[in-house]
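> So you can see what is in the structure, the chains are spelled out below.
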Amino acid sequence: MTDTVSAPGAGTIPGDVAPAKPQAKSRKRFRPNGSAIVMTIYLLFLLVPIYWLLNMSLKTNTEILGTFSLWPRNLTLANYETILTDPAWYTGYINSITYVTMNVVITLAVALPAAYAFSRYTFTGDKHLFFWLLTNRMAPPAVFALPFFQLYSSVGLFDTHIAVALAHCLFNVPLAVWILEGFMRGVPKEIDETAYIDGYSFSRFFIRIFMPLIASGIGVAAFFAFMFSWVELLLSRTLTSVDAKPIAATMTRTVGASGIDWGVLAAAGVLTIVPGALVIWFVRNYIAKGFALGRV
Amino acid sequence: MAQITLDDLAHSYHPNPSGPDDFALKQLDMTWRDGEAYALLGASGCGKSTLLNIISGLLHPSQGRILFGERDVTNAPTADRNIAQVFQFPVVYDTMSVRENLAFPLKNRGMAGQEIAERVQKVAAMIDMEAVLDRKARGLTADAKQKISLGRGMVREDVNALLFDEPLTVIDPHMKWELRTQLKKLHRDFGHTMIYVTHDQTEALTFADKVVVMHDGRVVQTGTPQDLFEKPAHTFVGYFIGSPGMNLFDADINGRTARIGDATLDLGRPYAASGRMQVGVRPEFVRVGTGGDGLPARIRRVEDVGRHKIVRLDVMGVETAAIVGEDATIPTDIDRVSFVPEGINVYADAWRVAPQGETP
Amino acid sequence: MKTVNEKAWFLVLPVLLLVAFSAVIPLMTVVNYSVQDSFGNNQFFWAGLLWFEEMLASDRMWNALGRQLVFSAIILAIEIPLGILVALNMPQKGFWSSFCLVAMSLPLLIPWNVVGTIWQIFGRVDIGLLGYTLDALGLDYNYTQDSLDAWITVVVMDVWHWTSLVALLAYAGLRSIPDAYYQAAKIDQASRWAVFRYIELPKMAGVLMIAILLRFMDSFMIYTEPFVLTGGGPGNATTFLSIDLVKMALGQFDLGPAAAFSLMYFLVILLISWVFYTIMTNLDARDAK
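Chains as they are written, first to last, in UniProt numbering: chain A, 1 to 296; chain B, 1 to 360; chain C, 1 to 289.
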């Protein structure tokens, strides 16, 4: 039977195209589903290291260093308590969330009109400009770390949230323009023309009619901007010292005179995963469509 | 090639269907005779494609059996059934050339290179694509792509049946005509069993020897275009086929007369059943007149559609259409309609009741 | 077709100003440093192409570049096929589909230094599950001492971190294929391999191109994760370009050489990305003929 040939990655063919059901059932008993095995192994590979971090965050340091166990024997929330009651720790979260939010807002505010221009009009130098924007996505943050430090210090923005937000625009704006341009190209031009004929001004048309049409695209661009701003550390650490220090950088505090405080380190790590996990949970139904970036 | 028999077949997309409404395809027994050209006609969502996909094995039916000749193929996969199927939207393998596309089904069956080349050449001539054989399929127009899909279906000469699922939807009108003619020619030359799914009655009536009309998951009538016109087995057939559709009147039937409102109508033939039923008359069998016998009527408007005129009337509150010749003059004082007896059919619960003495 | 409208420049202006501020000015600074020398006290002297010559002659940069190229090549060779394999096997609908999507997105939203921390802990022989298990199995594993172990750990960490991105992109591509293609393939008796080769792969080509470009660029710029995990060690075994650059610029404050290094680094990325991009668009164009 052709349907059972499992060459590259024994995938199931989507849609209700299943052959002979009774046969499929009897086959199942003898041969487990290849896809399920592949996915189980892959998901285990992804989740076990995260579980291990969670496991450690719920142990005391004595237990971490003393005994080796797959789950906490003396379950403790002390590590989380340390973080959530110490301002030096939790302001890190507030700082991170502040500059990430600022970055998402700035990114969308400048990328939306630009993407509209690229998707609708031809103008002198448009292609070069578009490619030049994309090259900024290719710029290694390491190259920019020192000049950024000097630039923001000289204009008095060092150790502010806005400095980090602007720095992250370096790679988020090109990506957002590129994603939004893909989604906008999918909206027929006739819609713009009809709106202008109906007497809409550009700004009213853009906000009232056009933005709702590409809402999913805006969501995807915001998601990617959030993602890359949240996970980045090199620039955010270089551009801050105290007042805007991100949580990820605060984690180095766990290295003390008496060695590393593993429990607190793990708890801080777990807490940095939470905002990302929350965001994913809210967009879970759009992930598949979103990753197509409007370009499939 | 073989006769295809559907035995007690039914299909539901629900895992545990609870009532008849859950069935996309309701219980069905049917035989498709070898070498005939069938059209499967019905509105969208009536179960046509479901039936087609069950025959080709893309769907496994919830109940019943499918037989090719004497062989039970209910559990056989698509590949084993040796069927060709063409879909609504063109499916081509983008990265292959037109030639490779046409050769693909043959290559998968392990045919020798020489033979493949000959067949491909022949099919390419048939679909008029010899000139572009070495082009990539990707850049072609929608109708060229659909011709490739048709070609891939026809390149295998030994198929049990050729199935078409609304294949001409995306094709330009003038190309539609040409492709349909080619399909008919193909049918005459090779004598394959063909099943052609469509929602377009003209397409169905011009293509097929037999038309199978489906409605709401059920086959309501199988017959020649003439049968469908003269003796619609279900009010849906009367309504769906013909333009405009059949006129229907609520009536009390008794022997060979029907009472519609306060008027009496001679049915021309006696009926065994009696009681509250419906009388159906196609517009082609409605005659309009002034005075004399018939049902009282009031004229509302006249539409000239070119070949003939359609008279819209109000017959005792029922909107009624009548077809008169293009050259006929229509008096404005029409107050009576009468029906040609051969054109009168009687329906009970939407199904046609045969008059006494009719041979099916 | 698009209309010609020079006023569209006004719509692009905000982006232009922002990117000019956050990219052009810093880049000018880098260029400026790369051609000057300093003896402290903020006094600078014209040094011409001295730093470029020095960097080109130094083994240090060539070694880092070599390691970087090998690393990116390994990453692409593992993550692209693995991502496709995972995408092909993902459930199509229902609870498990959502579950897989959420679980797979998780590593993508973990801050990069935490990714390093997770693997730093996970691989330790005393407290990490991976290290402990390997040790218990009698394998001599220690990523802080052994170069090969360090390399394997960094590669596995990157596969853990980024394969999901490739898989999600490929999955999105797969989802866009109409059922009719699979049905036609069944009618044509295509093998599973043929379905992959002639239907799925061509339909995924667009998103795979994006995946390859993104993975190349990001693996070529990798800094935080290996920095946390190995600190570039043992020795210089996992000192990739970015790590070396930061060491030079912020650690040793060798501004001139670091700036020259930066520019060449950036150019190499641009060059390789451009080559990738051109090859792939050419392949695309050739297919269309």
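Check the hints yourself; a few may be wrong.
As the list claims (entries may be wrong) - The list that follows gives simulated cross-link-like pairs (lysine to aspartate or glutamate, EDC-like), each with its CA atoms no further than 20 Å apart:
{"id": "1", "chain 1": "B", "residue 1": "Lys185", "chain 2": "B", "residue 2": "Glu230"}
{"id": "2", "chain 1": "B", "residue 1": "Lys231", "chain 2": "B", "residue 2": "Asp349"}
{"id": "3", "chain 1": "C", "residue 1": "Lys7", "chain 2": "A", "residue 2": "Asp126"}
{"id": "4", "chain 1": "A", "residue 1": "Lys289", "chain 2": "C", "residue 2": "Asp59"}
{"id": "5", "chain 1": "B", "residue 1": "Lys107", "chain 2": "B", "residue 2": "Asp72"}
{"id": "6", "chain 1": "C", "residue 1": "Lys2", "chain 2": "A", "residue 2": "Glu190"}
{"id": "7", "chain 1": "C", "residue 1": "Lys2", "chain 2": "A", "residue 2": "Asp243"}
{"id": "8", "chain 1": "C", "residue 1": "Lys7", "chain 2": "A", "residue 2": "Glu193"}
{"id": "9", "chain 1": "C", "residue 1": "Lys2", "chain 2": "A", "residue 2": "Asp86"}
The hints are simulated quantities; they were obtained by calculation from the structure and are not laboratory data.
> With reference to the structure, classify each hint as holding or not holding.
Going down the list of hints, with the structure as the test:
Proximity of Lys185 (chain B) to Glu230 (chain B) is assessed by CA-CA distance (about 28 Å); at most 20 Å being required, the pair is judged violated. About 16 Å separates the Cα atoms of Lys231 (chain B) and Asp349 (chain B), which keeps this hinted pair within 20 Å; it holds. Taking the CA atoms of Lys7 (chain C) and Asp126 (chain A), the gap is about 12 Å. The hint holds against a cut of 20 Å. Taking the CA atoms of Lys289 (chain A) and Asp59 (chain C), the gap is near 47 Å; set against the 20 Å cutoff, the hint is violated.
With a C-alpha separation of about 27 Å, the suggested pairing of Lys107 (chain B) with Asp72 (chain B) is violated against the 20 Å cut-off. Only pairs whose Cα atoms come within 20 Å are accepted, and Lys2 (chain C) paired with Glu190 (chain A) is accepted, the gap being roughly 12 Å. In summary, the hint linking Lys2 (chain C) to Asp243 (chain A) is not supported, as the alpha carbons are separated by about 47 Å, beyond the 20 Å threshold. Straight-line distance between C-alpha atoms of Lys7 (chain C) and Glu193 (chain A) comes to about 17 Å, which keeps the hinted pair within the 20 Å bound.
Pair hint Lys2 (chain C) plus Asp86 (chain A) does not hold up; C-alpha atoms about 57 Å apart against a cutoff of 20 Å.
Violated hints for the displayed structure, listed by number in ascending order: 1, 4, 5, 7 and 9.
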